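Enquirer: Here the protein sequences line up with chains X and A, keeping their order.
FYI, our numbering numbers position 40 of the first sequence as 40, with every residue one higher than the one before it.
FYI, our numbering numbers position 244 of the second sequence as 244, with every residue one higher than the one before it.
Among the hints, erroneous ones may be present.
No copy is singled out in the list; a pair is fine if it fits within one copy or between any two copies.
Unchecked claim - The list that follows gives simulated cross-link-like pairs (lysine to any residue, SDA-like), each with its CA atoms no further than 20 Å apart:
1. K175 / R248
2. K78 / L173
3. K219 / E164
4. K2 / R37
5. K78 / I60
These are computed hints drawn from the structure, not numbers from a lab.
In this text, all values refer to a predicted model and were calculated from it rather than measured experimentally.
There are 2 protein chains.
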Amino acid sequence: MKQVDFINGKTRVFGIVGDPIEQVRSPEMVTWEFKQRQHNAVLIPIHIAQEDFDDVIPDIMRISNLDGMIFTIPFKVKALGLANTLGPQASLVRAINAIKRQSNGDWSGEIFDGVGCVEAFKRRGIALKDRKIQLIGLGGAGSAICVAVAHEHPGLMRLFDLNERSTEQMVKLVKEISPKTVVEVGISRCDGVDVLMNASPVGMLSDARLPLEVEKFSKDLVVFDAIVMPENTPLLTLAQNCGCEVVRGREMMLGQISRLVDYFLAT
Amino acid sequence: MKQVDFINGKTRVFGIVGDPIEQVRSPEMVTWEFKQRQHNAVLIPIHIAQEDFDDVIPDIMRISNLDGMIFTIPFKVKALGLANTLGPQASLVRAINAIKRQSNGDWSGEIFDGVGCVEAFKRRGIALKDRKIQLIGLGGAGSAICVAVAHEHPGLMRLFDLNERSTEQMVKLVKEISPKTVVEVGISRCDGVDVLMNASPVGMLSDARLPLEVEKFSKDLVVFDAIVMPENTPLLTLAQNCGCEVVRGREMMLGQISRLVDYFLAT
Numbered sequence: 001m002k003q004v005d006f007i008n009g010k011t012r013v014f015g016i017v018g019d020p021i022e023q024v025r026s027p028e029m030v031t032w033e034f035k036q037r038q039h040n041a042v043l044i045p046i047h048i049a050q051e052d053f054d055d056v057i058p059d060i061m062r063i064s065n066l067d068g069m070i071f072t073i074p075f076k077v078k079a080l081g082l083a084n085t086l087g088p089q090a091s092l093v094r095a096i097n098a099i100k101r102q103s104n105g106d107w108s109g110e111i112f113d114g115v116g117c118v119e120a121f122k123r124r125g126i127a128l129k130d131r132k133i134q135l136i137g138l139g140g141a142g143s144a145i146c147v148a149v150a151h152e153h154p155g156l157m158r159l160f161d162l163n164e165r166s167t168e169q170m171v172k173l174v175k176e177i178s179p180k181t182v183v184e185v186g187i188s189r190c191d192g193v194d195v196l197m198n199a200s201p202v203g204m205l206s207d208a209r210l211p212l213e214v215e216k217f218s219k220d221l222v223v224f225d226a227i228v229m230p231e232n233t234p235l236l237t238l239a240q241n242c243g244c245e246v247v248r249g250r251e252m253m254l255g256q257i258s259r260l261v262d263y264f265l266a267t
Numbered sequence: 001m002k003q004v005d006f007i008n009g010k011t012r013v014f015g016i017v018g019d020p021i022e023q024v025r026s027p028e029m030v031t032w033e034f035k036q037r038q039h040n041a042v043l044i045p046i047h048i049a050q051e052d053f054d055d056v057i058p059d060i061m062r063i064s065n066l067d068g069m070i071f072t073i074p075f076k077v078k079a080l081g082l083a084n085t086l087g088p089q090a091s092l093v094r095a096i097n098a099i100k101r102q103s104n105g106d107w108s109g110e111i112f113d114g115v116g117c118v119e120a121f122k123r124r125g126i127a128l129k130d131r132k133i134q135l136i137g138l139g140g141a142g143s144a145i146c147v148a149v150a151h152e153h154p155g156l157m158r159l160f161d162l163n164e165r166s167t168e169q170m171v172k173l174v175k176e177i178s179p180k181t182v183v184e185v186g187i188s189r190c191d192g193v194d195v196l197m198n199a200s201p202v203g204m205l206s207d208a209r210l211p212l213e214v215e216k217f218s219k220d221l222v223v224f225d226a227i228v229m230p231e232n233t234p235l236l237t238l239a240q241n242c243g244c245e246v247v248r249g250r251e252m253m254l255g256q257i258s259r260l261v262d263y264f265l266a267t
């Protein structure tokens with residue numbers, strides 16, 4: 001029979017929504033997880049122009065065999081409005097990167113950037129407990145990373161974002177989640193910390209800037225960048241030149257996949 | 001790497017739209033054709049409730065990496081309004097079962113039921129030229145079959161549909177396409193014909209009726225039914241019990257696949 005074995009009339013559909021879309025890796029990785037779990041589903045790329053998002057996405061959600069969506073740049077903030085209820089991480093962070101249809105027809109939203117980042121460190125065998133961490137950028141992904149890292153009970157978290165309100169909210173959250181963690185706010189520095197994390201957009205695509213003023217890193221510093229494109233941001237290039245261990249945005253994304261599929265398939 | 005090789009961020013998306021959807025076979029078969037031609041694309045099932053069609057489909061057409069759709073029951077008639085231009089078969093029949101995005105952004109529509117039916121007969125080695133044919137049902141699929149069969153220049157075409165206007169239009173069309181074909185109109189009969197074709201919905205799903213009054217067929221009669229579900233309609237069951245050769249709706253669908261993919265991929 002001239003047919004493929006990975007899609008048919010009973011296949012459930014998931015999507016990743018972004019603009020641009022060609023760079024995303026979830027279609028091949030999430031679909032692989034579905035197949036591993038013998039769930040008849042595929043995750044397709046869905047390319048939506050920014051100005052079309054508000055009109056088009058609510059109608060895509062009316063496709064009866066579409067069960068969930070992931071949102072990537074530039075839709076992480078807009079997506080929040082699509083969810084009727086929020087999961088535990090999203091409730092704290094007030095941002096989502098995935099929605100799923102619940103059995104009652106409602107849509108719930110959750111964010112996996114934070115758990116993906118912590119998972120990436122675990123897979124590298126790098127503990128965050130009691131470590132001193134500088135986190136730059138507290139937008140959607142940065143807030144999620146902040147919350148997930150706080151749950152690991154680091155010794156120090158030094159937070160920086162241009163938005164003072166976001167920063168204050170995160171300081172409060174970290175203190176709630178991990179009362180023994182020392183929390184500092186102010187200009188980003190890499191002295192006196194063990195791990196430097198960038199979750200700001202500085203260094204993305206053709207942006208040649210560094211997210212902080214620095215010329216050289218101590219080789220004991222671990223440097224993480226949430227940016228996926230390029231794989232080696234200016235920050236990570238400098239860190240590698242200084243002999244530092246680096247953790248990439250792609251590893252954060254890989255760390256999310258199995259948690260995302262857990263979420264999509266939970267009833 | 002934990003990933004599948006059949007979908008990624010660059011995959012182009014096609015869909016088949018219907019209600020219900022689980023019975024469709026295009027996803028596995030059209031996707032197989034895409035893969036054979038080394039075109040990075042999948043065809044997914046898209047289940048839309050009837051009342052949602054008018055709102056949702058125009059928005060789905062705004063997904064930038066969605067290049068075409070097939071329409072099945074009950075959307076073949078409604079779909080006509082989505083096309084800015086019509087292909088040669090659709091222009092004659094005034095119905096479509098597929099649309100594709102053109103390079104200028106317009107959507108063109110075409111119907112493949114007719115060519116699929118003729119292809120099914122060709123694959124069986126059954127010529128239609130000079131044969132006497134009774135065709136029952138001149139809706140979307142029936143009209144397309146009528147036009148495609150007329151292009152084969154049968155000796156006689158006896159047409160029946162409850163809608164007199166549809167019937168008159170088809171009589172006119174057959175005479176234009178094949179002036180030497182004798183065209184008759186009236187109550188469906190199987191005496192004096194070589195091929196009996198049903199394109200009416202009578203016999204679909206749990207409908208136990210026959211599309212014409214008959215108790216027995218001559219074993220020389222070839223009987224075709226455009227219905228896909230069930231595979232053996234009451235008409236085909238009777239025909240097989242009488243020793244007739246039968247051609248099934250599924251064969252018509254198979255006959256369409258490669259023509260559909262030609263159409264989708266032509267620039």
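Enquirer: If a hint holds in the structure, say so; if it does not, say that too.
Expert: Results for each hint:
no. : hint        : verdict
1   : K175 / R248 : neither (27 Å within a copy, 69 Å between copies)
2   : K78 / L173  : neither (22 Å within a copy, 53 Å between copies)
3   : K219 / E164 : neither (31 Å within a copy, 86 Å between copies)
4   : K2 / R37    : between (25 Å within a copy, 13 Å between copies)
5   : K78 / I60   : both (15 Å within a copy, 19 Å between copies)
The structure is inconsistent with the numbered hints 1, 2 and 3, although it conforms to all the rest.
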